[in-house]
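Those protein sequence lines, which keep their order, are chains G and H. If you want the working numbering, it's the 1-based position in the first sequence plus 265. If you want the working numbering, it's the 1-based position in the second sequence plus 265.
Here are the simulated lysine-lysine pairs, BS3-like style, with alpha carbons at most 27 Å apart:
| id | chain 1 | residue 1 | chain 2 | residue 2 |
| --- | --- | --- | --- | --- |
| 1 | G | LYS595 | H | LYS469 |
| 2 | G | LYS301 | H | LYS408 |
| 3 | H | LYS408 | G | LYS408 |
| 4 | H | LYS437 | G | LYS584 |
| 5 | H | LYS595 | G | LYS584 |
| 6 | G | LYS584 | H | LYS426 |
| 7 | G | LYS544 | G | LYS518 |
| 8 | H | LYS595 | G | LYS471 |
| 9 | H | LYS301 | G | LYS426 |
| 10 | G | LYS595 | H | LYS471 |
| 11 | H | LYS426 | G | LYS284 |
| 12 | G | LYS301 | H | LYS426 |
| 13 | H | LYS552 | G | LYS584 |
| 14 | H | LYS584 | G | LYS552 |
| 15 | H | LYS584 | G | LYS426 |
| 16 | G | LYS437 | H | LYS584 |
| 17 | H | LYS426 | G | LYS408 |
| 18 | G | LYS408 | H | LYS301 |
| 19 | G | LYS584 | H | LYS584 |
| 20 | H | LYS468 | H | LYS584 |
| 21 | G | LYS426 | H | LYS426 |
| 22 | H | LYS468 | H | LYS552 |
If you are wondering where the hints come from, they were derived from the structure by calculation, not from laboratory data. Everything numeric in this text was worked out from a predicted model, so none of it was measured.
If you want the building blocks of each chain, they are given just below.
There are 2 protein chains.
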Amino acid sequence: MSSANQVLIAIIGAGGVGKCFLSQLQTLASRRPTPKLSICYISTSKKALFNNDYSPIPTETAVDELAASTKVPFALPNIVDYLAAAPSKVILVDNTSSQDVADAYPSFLSRGISIVTPNKKAFSGSYKLWQEIFAAAADSGAKVYHESSVGAGLPVISTLKDLVDTGDEVTKIEGVFSGTMSFLFNSFAPLEGSGGQWSAEVKKAKELGYTEPDPRDDLNGLDVARKLTILARLAGLPVESPTSFPVQSLIPKELESVSSGDEFLQRLPEFDSQMEETKAAAGNQGKVVRFVGSIDVATKAVKVGLEMFDRSHPIAALKGSDNIISFYTKRYGSNPLIVQGAGAGGDVTAMGVTSDLLKVISQISK
Amino acid sequence: MSSANQVLIAIIGAGGVGKCFLSQLQTLASRRPTPKLSICYISTSKKALFNNDYSPIPTETAVDELAASTKVPFALPNIVDYLAAAPSKVILVDNTSSQDVADAYPSFLSRGISIVTPNKKAFSGSYKLWQEIFAAAADSGAKVYHESSVGAGLPVISTLKDLVDTGDEVTKIEGVFSGTMSFLFNSFAPLEGSGGQWSAEVKKAKELGYTEPDPRDDLNGLDVARKLTILARLAGLPVESPTSFPVQSLIPKELESVSSGDEFLQRLPEFDSQMEETKAAAGNQGKVVRFVGSIDVATKAVKVGLEMFDRSHPIAALKGSDNIISFYTKRYGSNPLIVQGAGAGGDVTAMGVTSDLLKVISQISK
Numbered sequence: 266m267s268s269a270n271q272v273l274i275a276i277i278g279a280g281g282v283g284k285c286f287l288s289q290l291q292t293l294a295s296r297r298p299t300p301k302l303s304i305c306y307i308s309t310s311k312k313a314l315f316n317n318d319y320s321p322i323p324t325e326t327a328v329d330e331l332a333a334s335t336k337v338p339f340a341l342p343n344i345v346d347y348l349a350a351a352p353s354k355v356i357l358v359d360n361t362s363s364q365d366v367a368d369a370y371p372s373f374l375s376r377g378i379s380i381v382t383p384n385k386k387a388f389s390g391s392y393k394l395w396q397e398i399f400a401a402a403a404d405s406g407a408k409v410y411h412e413s414s415v416g417a418g419l420p421v422i423s424t425l426k427d428l429v430d431t432g433d434e435v436t437k438i439e440g441v442f443s444g445t446m447s448f449l450f451n452s453f454a455p456l457e458g459s460g461g462q463w464s465a466e467v468k469k470a471k472e473l474g475y476t477e478p479d480p481r482d483d484l485n486g487l488d489v490a491r492k493l494t495i496l497a498r499l500a501g502l503p504v505e506s507p508t509s510f511p512v513q514s515l516i517p518k519e520l521e522s523v524s525s526g527d528e529f530l531q532r533l534p535e536f537d538s539q540m541e542e543t544k545a546a547a548g549n550q551g552k553v554v555r556f557v558g559s560i561d562v563a564t565k566a567v568k569v570g571l572e573m574f575d576r577s578h579p580i581a582a583l584k585g586s587d588n589i590i591s592f593y594t595k596r597y598g599s600n601p602l603i604v605q606g607a608g609a610g611g612d613v614t615a616m617g618v619t620s621d622l623l624k625v626i627s628q629i630s631k
Numbered sequence: 266m267s268s269a270n271q272v273l274i275a276i277i278g279a280g281g282v283g284k285c286f287l288s289q290l291q292t293l294a295s296r297r298p299t300p301k302l303s304i305c306y307i308s309t310s311k312k313a314l315f316n317n318d319y320s321p322i323p324t325e326t327a328v329d330e331l332a333a334s335t336k337v338p339f340a341l342p343n344i345v346d347y348l349a350a351a352p353s354k355v356i357l358v359d360n361t362s363s364q365d366v367a368d369a370y371p372s373f374l375s376r377g378i379s380i381v382t383p384n385k386k387a388f389s390g391s392y393k394l395w396q397e398i399f400a401a402a403a404d405s406g407a408k409v410y411h412e413s414s415v416g417a418g419l420p421v422i423s424t425l426k427d428l429v430d431t432g433d434e435v436t437k438i439e440g441v442f443s444g445t446m447s448f449l450f451n452s453f454a455p456l457e458g459s460g461g462q463w464s465a466e467v468k469k470a471k472e473l474g475y476t477e478p479d480p481r482d483d484l485n486g487l488d489v490a491r492k493l494t495i496l497a498r499l500a501g502l503p504v505e506s507p508t509s510f511p512v513q514s515l516i517p518k519e520l521e522s523v524s525s526g527d528e529f530l531q532r533l534p535e536f537d538s539q540m541e542e543t544k545a546a547a548g549n550q551g552k553v554v555r556f557v558g559s560i561d562v563a564t565k566a567v568k569v570g571l572e573m574f575d576r577s578h579p580i581a582a583l584k585g586s587d588n589i590i591s592f593y594t595k596r597y598g599s600n601p602l603i604v605q606g607a608g609a610g611g612d613v614t615a616m617g618v619t620s621d622l623l624k625v626i627s628q629i630s631k
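Given these sequences and hints, build the entire structure.
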């Protein structure tokens with residue numbers, strides 16, 4: 266089976282986002298007969314499923330078959346070779362957060378394999394990797410889309426690209442880029458009422474599944490710094506890495522090296538008074554405190570940390586675990602273009618991946 | 266000159282949006298050598314500029330040359346024939362708000378000519394025209410993009426399409442879709458202070474250039490009804506026309522037939538007490554009044570008119586002449602996906618056209 270009216274899809278990763286993606290892919294394939302979308306490879310870190318002749322793996326049973334498979338994944342260079350030799354155009358869907366997979370993007374792209382992914386690592390790692398990825402894509406004509414790397418399915422990357430590509434001047438980008446941080450501050454320092462104690466809110470967020478297993482992986486600010494790195498680069502700033510600009514960590518120094526997330530949570534109440542002071546200082550000015558990232562394009566200043574906002578500011582009024590991203594540009598003037606909504610979760614992250622997939626398909630198939 | 270690495274662009278309309286578009290096209294062409302973008306036809310309602318051999322019209326001098334041209338525009342069927350016979354792929358950019366041009370879209374599309382446009386008429390006219398347009402595009406493979414038909418350059422159409430195409434269920438769309446109405450109500454019933462008199466705000470909006478020459482063309486609600494028609498259809502509702510659902514007009518019955526916009530403005534103060542009552546009624550409930558459109562997909566209810574909103578609602582907090590569009594969907598749950606910002610103006614409207622152009626180019630060129 267080949268070729269012009271078929272697109273082969275290779276999927277690495279079958280966790281939360283991966284499973285949601287497969288479900289969306291199934292709906293898609295049932296609605297759009299042309300081009301035919303066929304999975305030719307799917308793997309987790311331990312198992313793989315593929316046929317040597319690239320014959321399709323049924324979407325509806327892929328997860329179960331993968332769990333039952335006795336095949337182990339190819340090494341990354343062998344996945345590249347396998348996909349480059351396929352009889353149709355291939356799109357790699359990287360649903361992992363693996364740096365190793367990200368490091369292989371230039372190899373995939375230079376062999377004509379397009380990529381769609383929510384994986385932040387490729388675009389927020391070294392600037393050299395960023396350059397290699399887009400150089401490889403430009404050379405071969407393969408496409409690389411990563412909407413869900415910032416704000417999950419929210420139209421953030423596509424909007425920024427449209428602004429830049431049509432010649433607008435982006436002057437500033439500002440927002441709440443972490444669902445976890447959004448939830449924490451909307452509960453800790455809400456517009457109405459006095460809010461909870463900091464350590465109690467962190468504990469609650471973890472219980473609700475809004476944090477990483479060790480909440481310090483959210484509180485260190487690195488996730489937000491990675492997203493800022495991506496947006497800053499798209500806005501034209503050659504940011505070297507997510508650690509090359511100021512990032513405020515909300516982990517008290519004394520708790521950086523405690524051995525477990527549980528011990529961290531146990532000791533966090535000792536530091537509640539610091540956060541209470543921050544909340545009170547904002548309150549005294551009629552403001553609220555939020556954890557935000559901002560990019561000032563003219564001064565090339567990128568930063569992540571606590572800031573105070575007027576109670577009437579859209580960032581102050583955010584709800585639940587929503588993200589908000591404001592684009593200030595020459596064309597839009599004093600009122601920014603704002604995108605707001607859920608910025609995390611399997612379904613909405615997979616939605617960004619699936620809509621990227623559709624965009625690539627529309628460009629590479631006939 | 267031809268073919269694979271060239272895309273020909275035909276432009277109808279060289280008014281406010283048209284001039285901004287030409288300026289963006291010039292920037293674009295200077296940045297992206299491939300494919301070569303060449304204007305092969307440009308016209309206003311009275312004049313045209315083209316070469317029989319399709320040789321390029323320089324972008325930078327197109328407006329001046331067009332003003333000096335002695336050629337008259339082709340009739341629409343002849344434009345179709347001229348473009349269908351071109352040696353390269355052609356994209357028609359319709360920067361008019363003409364129903365006649367819109368009615369010809371199926372002819373262009375069925376001959377393989379792609380279309381990008383901010384013109385609402387084609388997508389908010391009869392449902393039959395809507396069906397013919399998309400059937401012709403599906404048949405020939407030509408593309409049709411119209412981001413700027415709702416919310417100018419804001420990512421509204423693209424976001425709704427992504428939601429629908431990836432299998433989300435849109436349950437409700439709600440928002441402020443008119444920059445004029447936004448400005449009027451943000452000034453008449455602001456969150457802070459008591460706001461101005463209704464007739465005075467309408468007069469001010471006209472003086473600032475925020476209304477049509479006759480403000481009744483904004484106050485009748487038809488512009489919002491057209492945008493709602495487009496979004497409802499994209500969400501899957503076969504809305505027959507913008508007059509097939511309830512639309513509240515803010516033109517007092519007694520002033521519907523006065524002969525001029527000036528006379529209308531002169532007599533409008535007679536009706537200020539009605540609007541004051543509406544404002545007071547909302548205020549008594551701790552709310553503000555806004556002019557909104559909404560689509561309830563499950564009940565198929567589309568409507569346009571005045572509604573009251575809590576002071577903490579994002580619609581209440583809107584500023585200036587901004588639009589806001591909230592998408593409630595199954596995946597996004599109780600907190601909608603929100604897009605907000607300037608929804609009118611030459612530059613941001615042209616931006617939507619230019620980014621649509623780039624999307625079409627990426628699909629039709631090699």
